[in-house]
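Novice: Given chain A, work out where chain B should sit, using these hints.
Protein chains: 2
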Amino acid sequence: MEDDILIHNGLLLTMESGLPAIKNGAVVIRDTKIYDCGPQNKMDLGGLNIQADKKIDARGGIIMPGLVNCHTHVPMSMFRGLADDLPLDVWLNEHIFPAEAKHLNPDSVRQWSRHSCREMLLSGTTTCCDGYFFEVEAVRGMVESGIRAVAGQGVIDFPAPGVPDPAHNIRVAKEFVKQVKDLSSRITPSIFCHSPYLCSKKTLVAAKKIAEDAGILFQIHVAETKNEISLIQGLEKRSIIGFLDDLSLLNENTLLVHSVWIDDTDIEIIQKRSARVAHCPESNMKLASGIAPVPKLLDAGIAVGLGTDGAASNNDHDLFGEMDMAAKLHKVACMDPCVMDARTCLRMATIEGARAIGLDGRIGSLEKGKQADIIIVDVDKPHMVPMYDPFSSLVYSAKSSDVSLVMVDGVLRVREGKLL
Amino acid sequence: MEDDILIHNGLLLTMESGLPAIKNGAVVIRDTKIYDCGPQNKMDLGGLNIQADKKIDARGGIIMPGLVNCHTHVPMSMFRGLADDLPLDVWLNEHIFPAEAKHLNPDSVRQWSRHSCREMLLSGTTTCCDGYFFEVEAVRGMVESGIRAVAGQGVIDFPAPGVPDPAHNIRVAKEFVKQVKDLSSRITPSIFCHSPYLCSKKTLVAAKKIAEDAGILFQIHVAETKNEISLIQGLEKRSIIGFLDDLSLLNENTLLVHSVWIDDTDIEIIQKRSARVAHCPESNMKLASGIAPVPKLLDAGIAVGLGTDGAASNNDHDLFGEMDMAAKLHKVACMDPCVMDARTCLRMATIEGARAIGLDGRIGSLEKGKQADIIIVDVDKPHMVPMYDPFSSLVYSAKSSDVSLVMVDGVLRVREGKLL
Chain A
49 MEDDILIHNG LLLTMESGLP AIKNGAVVIR DTKIYDCGPQ NKMDLGGLNI
99 QADKKIDARG GIIMPGLVNC HTHVPMSMFR GLADDLPLDV WLNEHIFPAE
149 AKHLNPDSVR QWSRHSCREM LLSGTTTCCD GYFFEVEAVR GMVESGIRAV
199 AGQGVIDFPA PGVPDPAHNI RVAKEFVKQV KDLSSRITPS IFCHSPYLCS
249 KKTLVAAKKI AEDAGILFQI HVAETKNEIS LIQGLEKRSI IGFLDDLSLL
299 NENTLLVHSV WIDDTDIEII QKRSARVAHC PESNMKLASG IAPVPKLLDA
349 GIAVGLGTDG AASNNDHDLF GEMDMAAKLH KVACMDPCVM DARTCLRMAT
399 IEGARAIGLD GRIGSLEKGK QADIIIVDVD KPHMVPMYDP FSSLVYSAKS
449 SDVSLVMVDG VLRVREGKLL
Chain B
49 MEDDILIHNG LLLTMESGLP AIKNGAVVIR DTKIYDCGPQ NKMDLGGLNI
99 QADKKIDARG GIIMPGLVNC HTHVPMSMFR GLADDLPLDV WLNEHIFPAE
149 AKHLNPDSVR QWSRHSCREM LLSGTTTCCD GYFFEVEAVR GMVESGIRAV
199 AGQGVIDFPA PGVPDPAHNI RVAKEFVKQV KDLSSRITPS IFCHSPYLCS
249 KKTLVAAKKI AEDAGILFQI HVAETKNEIS LIQGLEKRSI IGFLDDLSLL
299 NENTLLVHSV WIDDTDIEII QKRSARVAHC PESNMKLASG IAPVPKLLDA
349 GIAVGLGTDG AASNNDHDLF GEMDMAAKLH KVACMDPCVM DARTCLRMAT
399 IEGARAIGLD GRIGSLEKGK QADIIIVDVD KPHMVPMYDP FSSLVYSAKS
449 SDVSLVMVDG VLRVREGKLL
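First to last, the protein sequences are chains A and B. Residues in the first sequence are numbered from 49 upward in steps of one, following the numbering used here. Residues in the second sequence are numbered from 49 upward in steps of one, following the numbering used here.
Next up, chain A with everything else stripped away, as it sits in the complex:
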């Protein structure tokens, strides 16, 4: 048996609902899991095997769950900053699609996946939910980095990198699920249908069936742009969410990515079906897609996580920035400074994000028995002083570069702000 690890002397934010911050908090890690967690003076350390070099002093830091990024295309960091400040169609058709056609191959996907995952680990993200092409190679990059991930092979009814004939898209996705199942306990397979406008009804239904049969997450881009809405409403004579619901695609294993152009009726459907939402404020803002009605989704009790989207449209994988952006965007959009308070945003980036991608039983909060995905945020920096409320400091003042330590599955990946 490995030695136990103790992280102590920090301000502990477990992110369990309603639990306040705990001064002098501690976490004991045994193997890959949290063995104990709480106020240090109420913890029985007697029976543990903690060597001196396995004690991590978190003094001057906040101990909290690793962040959960609910929407990424990790290999796309190879196109970070390639083309910005352009209309969506010009950006996609004249820059991104040609660049993908030219540069995507198994090697580049693996390399840039690893690159993005390292960027995420350095910035305190311990789990991402990803979808792309050559996804098995993306997964290899993830595994090499040490991150936890839900990963889905892209399904699209057009010739795609690695799947030149779309007739095989469902078969490739099905094989992907088998291929990655035993690669690492940190990888959870998933199905990623691109969108209702690039997948036929038949494809959507077949892809959802694979996901249901395997009991895994079905990810789909939905209602990202106004154009998409016009298109689907023109063809199907109902809302895009109504359309997906009629195809029986919505349940608790469905992650609706973006969900910008949805109305109150759509929200009722999402709520009734217990479907989940990934909100990507920075991508939606930068591409001028629109503003998702997130406060309404939250009011309806829907699980909403935060996603960065790919680095080509953000241009980073920084969830600290995303929390701050989400809070401020919705306050001004609703003209109400009370919406999206700091606790809500921090929950979206941790436990609610985990719930959105179906991993809340294993990660997203610091609780006994959960996987040891833990970060320490250094607060001994001018921009973090004073600290009246740690939730507020983390959302409105902290930078991802304040993350000093990152652990995934009980394994240290970042220490003193450096990758190990």
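To be clear, the hints were calculated from the coordinates, so they are not data collected in a lab. Hints are not guaranteed to be accurate.
Heads up, the list lumps identical chains together, so a pair's fine if it works in one copy or across two of them.
[Claimed, not checked] Think about it this way: if two alpha-carbon atoms lie no more than 25 Å apart in a straight line, the pair counts; the simulated DSS-like pairs of lysine-lysine are: (1) 466 to 429; (2) 344 to 274; (3) 90 to 71; (4) 274 to 285; (5) 250 to 285; (6) 416 to 102; (7) 250 to 90.
Specialist: Below, chain B without anything else, positioned relative to chain A:
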């Protein structure tokens, strides 16, 4: 004579209009100023006195002007995160005003001013434009930190910290200008009238007169909230900008802070009078004040700089965050991804910010004869790789923690990301 300093081997962004990034760029600093600047291979280093230890290798970095923060209340970092996610009136009346009454004194103002300035230096800001009470003490804190600043004593027609009797507000402001005039060549005095709703017409006019007589900047919060607009329009039967114009308050030495609730006619007036604007997107979003029509202001050729506002309403002094936020906010607000491109945002945070506060003759770009306010941004970080376009990388990917070196007036203040 001091030894000359050479910064070389970096990618040089002078921020001179239209000039592209220069590979292998260099800057020579003599005393407090830029002696030479450009491609290293076209630079005559023969006659210079550069010792080995005065050569700064910027390899893997971008050399650019220090950032200009056009609106701060530096002592307010003492209230950072004190109260967030609240309605504006509750925030002000139940939290900020009582805290100011209790905690503001010359010592605390000096201490927290210095604290904020250090935060700014660490994040690449070399100049701020500030207004507060006990401002002479705030200036002492600024001088101790080494930052450059335009500083104005607050003028308000209510009892204020340090000015219990508002009858003396003009006299105190006038004395402030004298007091700080010779404190440091880095400090430029200014007058800071709080707002048209907390200052009478008589006070506004008298305060502007001091500024005009001294040839200094007149700062004023304007059109920040809808309530303010209703109030002034109800009383004065015209727009708030029209009202200020009728009082002859608008000219090239007037900085209109916020300018959220203004219309096309107001923009015409601002343009005609050559008045300047400080845009504070994060503060306006977090307090749910509204969205200033910045793309229209820029189209009219008005000088618009970026400001963080006080740390109580932001909650940091990070202009890298502010650039990213400004770009994304206006893209989604205009539903146009082409507005507020990266170059525009970077100019707002440098040369246009300098123009907004009347210092563009001395700072804001790297040109021979300007003061040596220079930063180096490290790009050798996962989130900055790849770099297709440095402007885009700086606005959409860089974090303030990537700033590795900061120089103000030829003096190094930050090196390897640490305060000296």
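Novice: The structure should be examined with respect to each hint, and the outcome stated for every one.
Specialist: Verification of the supplied hints:
1. For the identical chains of this complex, residue 466 and residue 429 are neighbours both inside a copy (17 Å) and across copies (11 Å), given an alpha-carbon limit of 25 Å.
2. For the identical chains of this complex, residue 344 and residue 274 are neighbours both inside a copy (19 Å) and across copies (24 Å), given an alpha-carbon limit of 25 Å.
3. For the homomeric pair residue 90 and residue 71, the shortest alpha-carbon distance inside one copy (12 Å) is at most 25 Å, but the shortest distance between copies (59 Å) is not.
4. In the homo-oligomer, the alpha carbons of residue 274 and residue 285 lie at most 25 Å apart inside one protomer (15 Å), although the nearest pairing across protomers, at 40 Å, exceeds that limit.
5. In this homomeric assembly, residue 250 and residue 285 come within 25 Å of each other (Cα to Cα) only inside a single copy, at 18 Å, whereas the closest approach across copies is 63 Å.
6. Taking the shortest Cα distances, residue 416 and residue 102 sit within 25 Å of each other inside one copy (19 Å), while across copies they are farther apart (55 Å).
7. Proximity of residue 250 to residue 90 under the C-alpha cut-off of 25 Å is found in neither arrangement, the shortest distances being 57 Å within a copy and 64 Å between copies.
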